[in-house]
Amino acid sequence: DTAVSQTPKYLVTQMGNDKSIKCEQNLGHDTMYWYKQDSKKFLKIMFSYNNKELIINETVPNRFSPKSPDKAHLNLHINSLELGDSAVYFCASSQAGTGGALLTQYFGPGTRLLVL
Amino acid sequence: KQEVTQIPAALSVPEGENLVLNCSFTDSAIYNLQWFRQDPGKGLTSLLLIQSSQREQTSGRLNASLDKSSGRSTLYIAASQPGDSATYLCAVSNDYKLSFGAGTTVTVRA
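Taken in sequence, the protein lines are chains Y and V.
For what it's worth, the working numbering labels the leading residue of the first sequence as 933, then goes sequentially.
For what it's worth, the working numbering labels the leading residue of the second sequence as 71, then goes sequentially.
It is possible that part of the hints are untrue.
Unchecked claim - Here are the simulated lysine-lysine pairs, DSS-like style, with alpha carbons at most 25 Å apart: (1) Y:K954 / Y:K973; (2) Y:K999 / Y:K951; (3) V:K138 / Y:K941; (4) Y:K954 / V:K112; (5) Y:K1003 / Y:K968; (6) V:K71 / Y:K976; (7) Y:K1003 / Y:K951; (8) Y:K973 / Y:K941; (9) V:K112 / Y:K941; (10) V:K71 / Y:K1003; (11) Y:K972 / V:K112; (12) Y:K951 / Y:K968; (13) Y:K984 / Y:K951; (14) Y:K951 / Y:K976; (15) Y:K984 / Y:K1003; (16) V:K138 / Y:K984; (17) Y:K972 / Y:K951; (18) V:K112 / Y:K968; (19) Y:K984 / Y:K941; (20) Y:K973 / Y:K1003; (21) Y:K984 / Y:K972; (22) Y:K951 / V:K112; (23) V:K112 / V:K71; (24) Y:K954 / Y:K976; (25) Y:K951 / Y:K973; (26) Y:K968 / Y:K999; (27) Y:K941 / Y:K976; (28) Y:K984 / Y:K999; (29) Y:K972 / Y:K1003; (30) Y:K973 / Y:K984; (31) V:K71 / Y:K972; (32) Y:K941 / Y:K1003; (33) V:K112 / Y:K973; (34) Y:K1003 / Y:K954; (35) Y:K954 / V:K138; (36) Y:K968 / Y:K941.
What the hints assert, rightly or not - Footprint (simulated), chain V over chain Y, 3 or more residues, beta carbon under 8 Å: (37) 945-957; (38) 981-988; (39) 993-1001; (40) 1019-1029.
Worth flagging that the hints you see were computed from the coordinates, not collected in a lab.
Where is the CB? At the ideal position from N, CA and C, for every residue including glycine.
Chain Y on its own, in the form it takes in the complex (with noise of 0.2 Å):
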């Protein structure tokens, strides 16, 4: 039983397309995140939700639009692809903690996206 699962697993498109990551998570976890990964393997928070709603959100172009229909989906639209978004896109989920803290994240196998 797969815990956190994200499709589609690849995906190439056209700049200027709009295109959505989807991610479901049954581990019962209250938060859920997306990740960033480019192609230096460096690794950035780009949203997290906390029992559907919007706790982090670190500058992202709007273009990138998170939403969370419940609590063991989080979703990812993307408008207006450009070139620069091409990266490994990855979901999390985990327990929050108290005053800010979270427990163990458990990674999807990551959403790879290409922008010709």
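Once you've looked at the hints, dock chain V against the given chain Y.
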């Protein structure tokens, strides 16, 4: 702003040698520190989580230490095996987010 640095960036050792991976962070107001493993083309797998009040955490051949006041953590992997070849990332938790280092890529030669 929290900055996390991992040294060295890459490491190659013969099988059986012990591995020492270093992580440093600039803001000591953390809740915990987590070590992850990433295999090529895969997601991250959590290895260890050390609470800010702990000094070390052990799991099998893995041992991680934390010196919060000096902003340092070390991951020790005993008796390395070729299957330990991967990229190891550390991340610190504060304000509901993890800040990651760039990772140390480990190659264990058979």
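For each hint, the structure was consulted:
no.: 1; hint: Y:K954 / Y:K973; verdict: 22 Å, holds
no.: 2; hint: Y:K999 / Y:K951; verdict: 13 Å, holds
no.: 3; hint: V:K138 / Y:K941; verdict: 37 Å, violated
no.: 4; hint: Y:K954 / V:K112; verdict: 17 Å, holds
no.: 5; hint: Y:K1003 / Y:K968; verdict: 21 Å, holds
no.: 6; hint: V:K71 / Y:K976; verdict: 13 Å, holds
no.: 7; hint: Y:K1003 / Y:K951; verdict: 22 Å, holds
no.: 8; hint: Y:K973 / Y:K941; verdict: 17 Å, holds
no.: 9; hint: V:K112 / Y:K941; verdict: 11 Å, holds
no.: 10; hint: V:K71 / Y:K1003; verdict: 29 Å, violated
no.: 11; hint: Y:K972 / V:K112; verdict: 15 Å, holds
no.: 12; hint: Y:K951 / Y:K968; verdict: 15 Å, holds
no.: 13; hint: Y:K984 / Y:K951; verdict: 21 Å, holds
no.: 14; hint: Y:K951 / Y:K976; verdict: 20 Å, holds
no.: 15; hint: Y:K984 / Y:K1003; verdict: 6 Å, holds
no.: 16; hint: V:K138 / Y:K984; verdict: 32 Å, violated
no.: 17; hint: Y:K972 / Y:K951; verdict: 23 Å, holds
no.: 18; hint: V:K112 / Y:K968; verdict: 14 Å, holds
no.: 19; hint: Y:K984 / Y:K941; verdict: 24 Å, holds
no.: 20; hint: Y:K973 / Y:K1003; verdict: 28 Å, violated
no.: 21; hint: Y:K984 / Y:K972; verdict: 31 Å, violated
no.: 22; hint: Y:K951 / V:K112; verdict: 22 Å, holds
no.: 23; hint: V:K112 / V:K71; verdict: 28 Å, violated
no.: 24; hint: Y:K954 / Y:K976; verdict: 18 Å, holds
no.: 25; hint: Y:K951 / Y:K973; verdict: 22 Å, holds
no.: 26; hint: Y:K968 / Y:K999; verdict: 16 Å, holds
no.: 27; hint: Y:K941 / Y:K976; verdict: 19 Å, holds
no.: 28; hint: Y:K984 / Y:K999; verdict: 8 Å, holds
no.: 29; hint: Y:K972 / Y:K1003; verdict: 31 Å, violated
no.: 30; hint: Y:K973 / Y:K984; verdict: 28 Å, violated
no.: 31; hint: V:K71 / Y:K972; verdict: 21 Å, holds
no.: 32; hint: Y:K941 / Y:K1003; verdict: 22 Å, holds
no.: 33; hint: V:K112 / Y:K973; verdict: 12 Å, holds
no.: 34; hint: Y:K1003 / Y:K954; verdict: 13 Å, holds
no.: 35; hint: Y:K954 / V:K138; verdict: 37 Å, violated
no.: 36; hint: Y:K968 / Y:K941; verdict: 14 Å, holds
no.: 37; hint: 945-957; verdict: violated (count 0)
no.: 38; hint: 981-988; verdict: holds (count 3)
no.: 39; hint: 993-1001; verdict: violated (count 0)
no.: 40; hint: 1019-1029; verdict: holds (count 4)
The structure fails to meet hints 3, 10, 16, 20, 21, 23, 29, 30, 35, 37, 39 from the earlier list, while all remaining hints are met.
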